[in-house]
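A.B. asks: These are the residues of each chain, in order.
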Amino acid sequence: MTVAQRLAALGIALPPPAAPLALYRAATRAGALVYVSGQLATRDGKVLHPGRLGAGVSMEQGREAARAAALNALAAAQALLGSLDGVRVVRLTGYVACEPGFTEQPQVLNGASELLRDALGEEAGVGARVAIGVVALPAGSPVELDLILDVGA
Amino acid sequence: MTVAQRLAALGIALPPPAAPLALYRAATRAGALVYVSGQLATRDGKVLHPGRLGAGVSMEQGREAARAAALNALAAAQALLGSLDGVRVVRLTGYVACEPGFTEQPQVLNGASELLRDALGEEAGVGARVAIGVVALPAGSPVELDLILDVGA
Amino acid sequence: MTVAQRLAALGIALPPPAAPLALYRAATRAGALVYVSGQLATRDGKVLHPGRLGAGVSMEQGREAARAAALNALAAAQALLGSLDGVRVVRLTGYVACEPGFTEQPQVLNGASELLRDALGEEAGVGARVAIGVVALPAGSPVELDLILDVGA
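Residue numbers (this note's numbering), protein chains in the order written: chain P, 81 to 233; chain S, 81 to 233; chain E, 81 to 233.
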């Protein structure tokens, strides 16, 4: 089953790739690795649930935001590669905008990790991960994530 | 001298590898590189010195926390690779939970860097490093770090 | 045109490479990739515009700080490699010390991205990017950035 077939079966449509906000590329390749730029929780060009976890943004909204950022990351990778077949997640780094007392970054980022697992399969979609809480993100996004992907030889 | 012999000579026992807190792998490999997931300052399954530098967690506690996170990172790498022989630190990224006025992240992270140097030797254990202060980390850990390792061809 | 000729034409002089603040190397190489350690916004050994965006440090000062950090990153890479010819930016990760309400990290980091584009050219100097807002950085620097470079086979 191709990734496109899997996404169709799940009823998941990748968004159009987001235009970079500034002077960078959405994704670059170096050898077998693809580096996807930091992706925000946007849908149709608007930030989903702007704000911070622990200060108005709920866990469920945070998970939804993480999922949206992961969809944007897949769209950026597909735009570079043409297809997501054979792509494996090496590492996901996720940043959650939050209050000092908020400590559930892993649960928020599962919204992204579950989407990647569903889209690419358990073997290819689950990689290493880093989960960090930060004070602020571009455009007020509650979540930002970047990906390192292995696209093979 | 193998890394196991060096650790034994130093009286350092690696902890059992920590189970991932959520949907990710503790470490992944891509070519000659190994990416170790974000490691918290846990010992026996409990966070060491939870809180933030500059707000109740002392420098000495922060350094001890960084050392514990580095031990967890080595345990995760060993679980993936079977052995730490031939492993070289490419980059350590360290996140220190802290107050806005706290600026001694490098000194805190030396607790991790000294452990890696002692465990792997000066040549292999000292790599590039990034030191960042953040508002919050999973489970209230005062330090989190991830590693990129080179395991050769 | 070599990078040295380009820099000379632009009137840009690379600073001497900054000595690591602690136990790490300024840059490491793994295969075709070079990892440059986190670089602060220093000039002549002093932090430029210490503090946080949204709390006393202006956008223009932030951009100038980002540019200074990028110059330090190029100096670190050149010290490792001998020359910047053939170097390509794979990814820039930029951390902006800021208040919770500050959301213009991308505009601040353009100060770094423009310098890299000018120094290395559009093709090689513009890579993937991650822009994050954080609560504090070493030595009070308003910006820190790290680079992953591709130096070819």
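Warning: the hint list may mix true and false statements.
[Unchecked claim] Now the in silico label distances, taken between C-beta atoms and shown as ranges:
id	chain 1	residue 1	chain 2	residue 2	range
1	S	92	E	126	35 to 43 angstroms
2	S	112	E	201	51 to 59 angstroms
3	S	201	P	111	22 to 30 angstroms
4	E	100	S	123	23 to 31 angstroms
5	E	88	S	124	52 to 60 angstroms
6	P	203	S	159	13 to 21 angstroms
7	E	124	S	161	38 to 46 angstroms
8	S	85	P	181	42 to 50 angstroms
9	E	99	S	92	27 to 35 angstroms
10	E	201	P	84	33 to 41 angstroms
[As the list claims (entries may be wrong)] For lysine to any residue, the following SDA-like pairs were computed, each having C-alpha atoms within a straight-line distance of at most 20 angstroms:
id	chain 1	residue 1	chain 2	residue 2
11	E	126	E	99
12	E	126	E	97
13	P	126	E	96
14	S	126	P	126
15	E	126	S	93
16	S	126	S	155
17	E	126	E	96
18	E	126	S	181
19	S	126	P	187
20	E	126	E	168
21	P	126	P	98
22	P	126	E	187
23	E	126	E	141
24	S	126	S	163
25	P	126	P	138
26	S	126	S	98
27	S	126	S	93
28	E	126	E	143
In case anyone wonders, no lab produced these hints; they're calculated from the structure. Remember, predicted model here, so these are calculated numbers, not experimental data. No residue lacks a Cβ here, since even glycine has one placed at the ideal position from N, Cα and C.
A.B. asks: With reference to the structure, classify each hint as holding or not holding.
C.D. replies: Each hint, compared with the structure:
1. S/92 x E/126: 35 to 43 angstroms: holds, 39 angstroms
2. S/112 x E/201: 51 to 59 angstroms: violated, 29 angstroms
3. S/201 x P/111: 22 to 30 angstroms: About 28 angstroms separates the Cβ atoms of residue 201 of chain S and residue 111 of chain P, which means 22 to 30 angstroms holds.
4. E/100 x S/123: 23 to 31 angstroms: With Cβ atoms ~28 angstroms apart, the hint holds.
5. E/88 x S/124: 52 to 60 angstroms: With a Cβ separation near 58 angstroms, residue 88 of chain E and residue 124 of chain S satisfy 52 to 60 angstroms, so the hint holds.
6. P/203 x S/159: 13 to 21 angstroms: holds, 18 angstroms
7. E/124 x S/161: 38 to 46 angstroms: holds, 44 angstroms
8. S/85 x P/181: 42 to 50 angstroms: holds, 44 angstroms
9. E/99 x S/92: 27 to 35 angstroms: Holds - the Cβ-Cβ distance for residue 99 of chain E and residue 92 of chain S, about 29 angstroms, lies within 27 to 35 angstroms.
10. E/201 x P/84: 33 to 41 angstroms: Roughly 36 angstroms apart at Cβ, these two residues keep to the hinted range, so it holds.
11. E/126 x E/99: holds, 12 angstroms
12. E/126 x E/97: The given pair, whose Cα atoms are some 13 angstroms apart, holds under the 20 angstroms limit.
13. P/126 x E/96: violated, 43 angstroms
14. S/126 x P/126: Distance of about 40 angstroms is beyond 20 angstroms: violated.
15. E/126 x S/93: Cα-Cα ~41 angstroms, so violated.
16. S/126 x S/155: holds, 16 angstroms
17. E/126 x E/96: holds, 13 angstroms
18. E/126 x S/181: Holds, at about 18 angstroms.
19. S/126 x P/187: With a Cα-Cα distance of about 18 angstroms, the restraint between residue 126 of chain S and residue 187 of chain P holds, given a limit of 20 angstroms.
20. E/126 x E/168: violated, 28 angstroms
21. P/126 x P/98: Between residue 126 of chain P and residue 98 of chain P the Cα gap is close to 11 angstroms, so the pair holds against 20 angstroms.
22. P/126 x E/187: holds, 18 angstroms
23. E/126 x E/141: Between residue 126 of chain E and residue 141 of chain E the Cα gap is close to 14 angstroms, so the pair holds against 20 angstroms.
24. S/126 x S/163: violated, 26 angstroms
25. P/126 x P/138: holds, 18 angstroms
26. S/126 x S/98: Holds - the C-alpha atoms of residue 98 of chain S and residue 126 of chain S are around 11 angstroms apart, at most 20 angstroms.
27. S/126 x S/93: holds, 17 angstroms
28. E/126 x E/143: Judged against 20 angstroms, a Cα distance of about 16 angstroms means the pair holds.
Hint compliance for this structure: hints 2, 13, 14, 15, 20 and 24 are broken, all remaining hints hold.
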